[in-house]
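Novice: Numbering-wise (the numbering used here), the sequence shown opens with residue 187 and increments by one.
Source of the hints: derived by calculation from the structure; they are not laboratory data. Treat the hints with care, since some could be wrong.
What the hints assert, rightly or not - Simulated DEER-style distance windows between Cβ atoms:
1) Lys297 - Lys328: 28 to 36 angstroms
2) Glu412 - Arg320: 24 to 32 angstroms
3) Lys248 - Lys363: 23 to 31 angstroms
4) Tyr367 - Asn237: 29 to 37 angstroms
5) Leu401 - Lys329: 15 to 23 angstroms
6) Ile380 - Lys229: 33 to 41 angstroms
7) Val296 - Ser262: 20 to 28 angstroms
8) Lys229 - Arg397: 20 to 28 angstroms
9) Asn384 - Ile411: 27 to 35 angstroms
Said to hold, decoys possible - Simulated pairs of lysine-lysine, BS3-like, Cα-Cα distance not exceeding 25 angstroms:
10) Lys250 - Lys378
11) Lys329 - Lys285
12) Lys350 - Lys381
13) Lys232 - Lys285
14) Lys332 - Lys313
15) Lys378 - Lys285
16) Lys314 - Lys248
17) Lys378 - Lys297
18) Lys253 - Lys396
Cβ coordinates follow ideal geometry from the N, Cα and C atoms, glycine included.
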Amino acid sequence: MHFCKYILLFFLIISCKDMSKKEKPISKPIKKSIIQKDKEIVKEFKLNDENAIPFLFEYGKKNKENKVRINTGYGSIDIELFNDTPYHRANFIYLIKNKYFQGEYFHRVVKDFIIQGGNSDNISTSKKRRKIGRYLLPPDTKKGYKHHRGILSMPSSEIENPYKLASPYEFFIVQKKDGAYHLDKNYTAFGKVIKGMNVVDLISNLETDKREWPLDNVRFNIEIIE
187 MHFCKYILLF FLIISCKDMS KKEKPISKPI KKSIIQKDKE IVKEFKLNDE
237 NAIPFLFEYG KKNKENKVRI NTGYGSIDIE LFNDTPYHRA NFIYLIKNKY
287 FQGEYFHRVV KDFIIQGGNS DNISTSKKRR KIGRYLLPPD TKKGYKHHRG
337 ILSMPSSEIE NPYKLASPYE FFIVQKKDGA YHLDKNYTAF GKVIKGMNVV
387 DLISNLETDK REWPLDNVRF NIEIIE
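Hey, can you work out the whole structure from these sequences and the hints?
Specialist: Quick look at the structure:
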């Protein structure tokens, strides 16, 4: 009986020693490294009076297309842009590629004179302009181009300016049979109609309101063909 007690006592002592050897692991505080990533603020590129010319100079070198097609409900008008009016050509191509002219209007039609497009009082037009930017283009009238019938030209901005700075979003086509040469040296001729003058004639004969806006809206889009 005493022997059994000694055996139990022996095992009890051994188990206590084992427990004393087992140390509770110390949990080290986990340092959470908080990495703050700088949020890249990507600003939408917009054209303005300061960056327009340098941008269009580079853009023109990379985008050399010079033939476009104006599609209307009355037919198509094919136009060749002049390569030696580089800023106006590049600007026109830039607007086409940025879909500015999609769903725009011929907003001014003057019989036996011009048809003018690229502007409207629609919210969509002002939204597109805000997205692309606010800028004007200087005239380029020293290349010798005359405002013959079929010439594509750029009107002056509605903002009063003595230097005849051009509104980059608008254009007009001379429809007058004997030309509109009083416009020379004031407006930049930067292209010519090579096909579809009959369509220009059709549009120019439409009835208009007092603002010279056609009573039947003439919507158009422009695509690059070469």
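Novice: Take the hints in turn and mark each one as holding or not.
Specialist: Hint check results:
1. For the pair Lys297 and Lys328, the supplied restraint of 28 to 36 angstroms holds, since their beta-carbon distance comes to about 31 angstroms.
2. A hinted range of 24 to 32 angstroms for the beta carbons of Glu412 and Arg320 is consistent with their spacing of about 30 angstroms.
3. A beta carbon spacing of about 38 angstroms between Lys248 and Lys363 contradicts the range 23 to 31 angstroms that was offered as a hint.
4. Evaluation of the 29 to 37 angstroms hint for Tyr367 and Asn237 yields a pass: the beta carbon distance comes to about 34 angstroms.
5. A beta carbon spacing of about 37 angstroms between Leu401 and Lys329 contradicts the range 15 to 23 angstroms that was offered as a hint.
6. One distance hint, 33 to 41 angstroms for the beta-carbon pair Ile380 and Lys229, holds here, with the actual separation near 40 angstroms.
7. Val296 and Ser262 have their C-beta atoms about 22 angstroms apart, which keeps the hinted 20 to 28 angstroms range intact.
8. For the pair Lys229 and Arg397, the beta carbons lie near 37 angstroms from each other, so the given range of 20 to 28 angstroms is not met.
9. For the hinted restraint 27 to 35 angstroms between Asn384 and Ile411, the CB-CB distance of approximately 18 angstroms leaves it violated.
10. Of the pairs offered as hints, the one joining Lys250 and Lys378 holds, with about 17 angstroms between alpha carbons and a cut-off of 25 angstroms not exceeded.
11. Using a Cα cut-off of 25 angstroms, the hinted pair Lys329 and Lys285 is violated, with the two alpha carbons roughly 29 angstroms apart.
12. Restraint check: the Cα-Cα separation between Lys350 and Lys381 comes to about 29 angstroms, which exceeds 25 angstroms; the hinted pair is violated.
13. Distance restraint check for Lys232 and Lys285: the Cα-Cα separation of roughly 15 angstroms lies within the 25 angstroms cut-off, and the hinted pair is therefore satisfied.
14. A C-alpha spacing of about 34 angstroms is found between Lys332 and Lys313, which places the hinted pair above 25 angstroms, so the restraint is violated.
15. At roughly 21 angstroms between alpha-carbon atoms, Lys378 and Lys285 fall within 25 angstroms of each other, so this suggested pair holds.
16. About 23 angstroms separates the Cα atoms of Lys314 and Lys248, which keeps this hinted pair within 25 angstroms; it holds.
17. Restraint check for Lys378 and Lys297: the C-alpha separation of about 19 angstroms stays at or below 25 angstroms, so the hint holds.
18. With a C-alpha separation of about 34 angstroms, the suggested pair Lys253 and Lys396 falls outside the 25 angstroms cut-off, and the hint is violated.
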